[in-house]
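**Student:** Sequences are here, hints too, so could you generate the full structure?
Protein chains in written order, with the numbering used here: chain A, 1 to 81; chain B, 1 to 211.
Just so you know, these hints were derived from the structure itself, not from any lab.
Glycine included, every Cβ here is placed at the ideal spot set by N, Cα and C.
Ranges of calculated distance between the beta carbons of each label pair, as one might list FRET restraints:
1. B/Ser181 x A/Gln39: 15 to 25 Å
2. B/Ser187 x A/Asp54: 31 to 41 Å
3. A/Ser38 x B/Lys176: 14 to 24 Å
4. B/Ala73 x A/Gly41: 37 to 47 Å
5. B/Arg103 x A/Asp16: 38 to 48 Å
6. B/Ala157 x A/Asn52: 30 to 40 Å
Simulated pairs of lysine-lysine, DSS-like, Cα-Cα distance not exceeding 30 Å:
7. B/Lys176 x A/Lys31
8. B/Lys164 x B/Lys208
9. B/Lys143 x A/Lys45
10. B/Lys161 x B/Lys176
11. B/Lys52 x B/Lys143
12. B/Lys89 x B/Lys110
13. A/Lys25 x B/Lys164
14. A/Lys45 x B/Lys164
15. B/Lys23 x B/Lys208
16. B/Lys143 x A/Lys58
17. B/Lys164 x A/Lys58
18. B/Lys208 x B/Lys176
19. B/Lys23 x B/Lys52
20. A/Lys25 x A/Lys45
21. B/Lys208 x B/Lys161
22. B/Lys164 x A/Lys31
23. A/Lys58 x B/Lys161
24. B/Lys161 x A/Lys45
25. B/Lys161 x A/Lys25
26. B/Lys52 x B/Lys72
27. B/Lys110 x A/Lys45
28. B/Lys161 x B/Lys23
29. B/Lys164 x B/Lys110
30. B/Lys164 x B/Lys23
31. A/Lys58 x B/Lys110
32. B/Lys164 x B/Lys52
33. B/Lys176 x A/Lys25
34. B/Lys72 x B/Lys89
35. A/Lys25 x A/Lys58
36. B/Lys143 x B/Lys176
37. B/Lys143 x B/Lys89
38. B/Lys176 x A/Lys45
39. A/Lys58 x B/Lys176
40. B/Lys143 x B/Lys164
Each chain, letter by letter, is given below.
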Amino acid sequence: MSRHIGRLVLFLREVDNTAVINGEKVDAAGKTFESYLSQAGFDTKRIAVIRNDDIVPKCEYSTCTIDEDDVIEVVSFVGGG
Amino acid sequence: MNFTREEWERCLIARHGSGTHLKLQSACVAVCGLGGMGSNVAYALSRAGIGKLILIDCDRVDLSNLHRQQYKACQIGQTKAAALSENIKEIAPFVEIASHTVRMDESNIKPLCEEADIICEAFDNAQSKAMLVNFVLSYMPDKYIIASSGMAGFESANLIKTRKITDRFYLCGDGKTDVDSGTGLISSRVTVCAAHAAHAIICLIAGKPVI
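**Tutor:** Written as structure tokens, this is what we have:
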């Protein structure tokens with residue numbers, strides 16, 4: 001029985017590609033930030049991306065991939081000041 | 001001027017305590033953009049007894065600024081950096097001010113803001129806001145950045161909040177109301193947002209919780 005549960009846990013871990021982005025679970029692990037941000041419709045000139053409390057520098061959007069269980073906040077800026 | 005530096009400091013110490021006053025007096029804040037946000041943030045910090053302000057804006061005072069920015073009709077045509085510096089000196093004559101009339105971009109953020117403990121993003125353009133926040137968090141890791149997003153329109157002032165995004169990054173505003181979508185900027189709501197930013201800055205300097 002415990003062997004089956006172990007396999008099930010392993011299976012669930014393998015299929016879990018989710019990261020938490022702006023408070024919601026998103027199937028984005030493995031994608032580059034560039035790919036995720038463009039698919040999600042963000043204007044990269046008006047955002048700052050924070051991953052696990054650290055900035056993701058803009059020059060790393062195309063090379064850096066989103067990891068499973070990352071907690072990401074995409075901060076969008078609007079005009080006015 | 002009919003008071004001395006000692007008399008002025010005594011008033012501040014009576015209200016803030018000598019420890020906090022010393023922290024404020026030793027702090028330097030760069031205010032980037034001197035419109036509705038920046039001019040009001042600079043006023044609040046000056047009144048609270050900040051030691052040094054770095055005031056940066058590329059623009060001149062225009063008639064269309066007077067409805068929400070801390071300038072006077074007689075200052076139309078002056079650079080905002082010089083006009084604001086003049087106004088602050090009338091209120092808080094002992095604040096040290098470095099004023100710069102220059103457009104900020106990635107090449108001059110570091111030299112302009114090097115001395116600051118805290119950088120206040122107070123631009124009106126969304127791309128400029130993102131540029132400054134990204135640059136400071138990526139390349140000036142010892143600085144704090146206080147930014148703003150969403151303060152236009154007549155919606156409730158209670159929707160304006162301060163959020164802690166990281167240990168070094170605080171964001172003030174409602175996050176939504178965009179001046180580019182045709183919503184105007186109303187002095188009262190912009191001032192609420194500026195007060196949020198100024199209060200976050202003062203709390204950080206004083207070593208008190210911001211949120």
